[in-house]
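> First to last, the sequence lines map onto chains Y and F.
Sequential numbering from 1 applies to the first sequence in the working numbering.
Sequential numbering from 1001 applies to the second sequence in the working numbering.
To be clear, the hints were calculated from the coordinates, so they are not data collected in a lab.
A portion of the hints provided could be inaccurate.
Selected chain F positions facing chain Y (in silico; Cβ < 7 Å) [said to hold, decoys possible]:
id, residue
1, N1070
2, Q1079
3, F1084
Simulated DEER-style distance windows between Cβ atoms [claimed, not checked]:
id, chain 1, residue 1, chain 2, residue 2, range
4, Y, F146, F, D1034, 52 to 58 Å
5, F, E1041, Y, A213, 19 to 25 Å
6, F, E1027, Y, V251, 33 to 39 Å
7, F, K1033, Y, A213, 28 to 34 Å
Quick look at which bits of chain F chain Y covers, simulated, 3 or more residues with Cβ under 8 Å [stated by the list, open to error]:
id, region
8, 1046-1053
9, 1096-1103
For glycine and all other residues, C-beta sits at the position ideal for the given N, C-alpha and C.
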Amino acid sequence: MFAAALIVFRESLEAALFVGIVAAATRGLLGRGSWLSGGVAIGVLGALGLAAVAPHVSGWFDGLGQDVINIAVLSVALSMLLWHCIWVATHSKEMAMDAQRLGRSVHDGERKPWALLTAVALAVLREGAETVLFVGGAITGGNTTFGEVAAAVVIGVGLGAALGFVIYAGLSRVPTKHIFSVTNVFIAILAGSIASQLVKSLAQAGFLERWSAPVWDTSHLLSPDSALGTLLHALVGYDATPSAAQLASYVAVLALIYAGTKFLRRTQSLPPRAS
Amino acid sequence: MASIHRWLAVCIAGLALATAAQAADPEMTLVIKDHRFEPAELKVPAGQRIKLIVHNQDTTPEEFESHSLNREKVVPAGQKVTVFIGPLKPGRYGFYGEYNEKTAQGTVVAE
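Here chain Y stands alone, though its shape is the one from the complex (with noise of 0.2 Å):
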């Protein structure tokens, strides 16, 4: 029982934790709890009725079926990061000025920040769609008894969601002046972290070659497997074996994203044209 608590653990982590930082990035807006918790039923539904298809979409495209919805998700999820970073950070300001012009009154909870919205459906979908197989094999194969496996999953995602609580409650601490730098750099490194597994699961489907052999392997100084390793994976993306190629598109999306956003607060700032 305490592998398999362990197991689904490692899967509920990392959604819990993104939903714990979108929810500090989000900290005032009305409505706040409502599309959040939206997201994350959106996301469990997606996730039950993955894992339900699941054995016939893994037969398709040459039994790369998996792979080929694991690098769509994980392709719309890295766009609306990207979005989130880049666009709704440095726009939020112009915004609010373009309102005052028309002589409307605008608050920031009147926006709903639907790319926040969809990549935590889509982070949910993702991990909660292999837990939902592994229990669900886990009850069929008949070596675990029904209340063990439920122990096992309300420990395991419990855990999760308990550590996902902890970064919400450290990062709510933050003054609200910091808050959104600070979760957008939380962001960004999510944003790095899931460029390297889409680039791993087009390695891993085939589909690129080139840079796909892992650079170093540091799985014996820190086991992916292990507490740390899996709480770092969540956080930073870490990985013990990654390939050039990842580590290349890890630093892509952060470069692109400092750059981008230097780039339009700096056009912001600008004085408006007379148009």
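Take the given structure of chain Y and dock chain F to it, following the hints.
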């Protein structure tokens, strides 16, 4: 939105390229039965990419996982999935089934 389109284009282009490239990769099969891998030691040629077919003959799902090969993939009960590995340097690469780690252990030997 532009980035979504770009990624879609990359995916489709990749799919087309991959289908063309896959024909040349040697194919190896790994069977999962009674939560064990057969063969437990799989010899593969070094220096070229391998198309590894993992066939799960059990009634429960398994996750093929290897840190040294940098791969992880769920194989639903009774299904066959494809995992591309390598090109590998000569050596031994351990893999395991995450859902039944006690018994599901194996090694890829590249030579």
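> Each hint needs a verdict: does it hold in this structure or not?
Verification of the hints:
no., hint, verdict
1, N1070, "5 Å, holds"
2, Q1079, "5 Å, holds"
3, F1084, "4 Å, holds"
4, F146(Y) to D1034(F): 52 to 58 Å, "22 Å, violated"
5, E1041(F) to A213(Y): 19 to 25 Å, "21 Å, holds"
6, E1027(F) to V251(Y): 33 to 39 Å, "34 Å, holds"
7, K1033(F) to A213(Y): 28 to 34 Å, "30 Å, holds"
8, 1046-1053, "holds (count 3)"
9, 1096-1103, "holds (count 3)"
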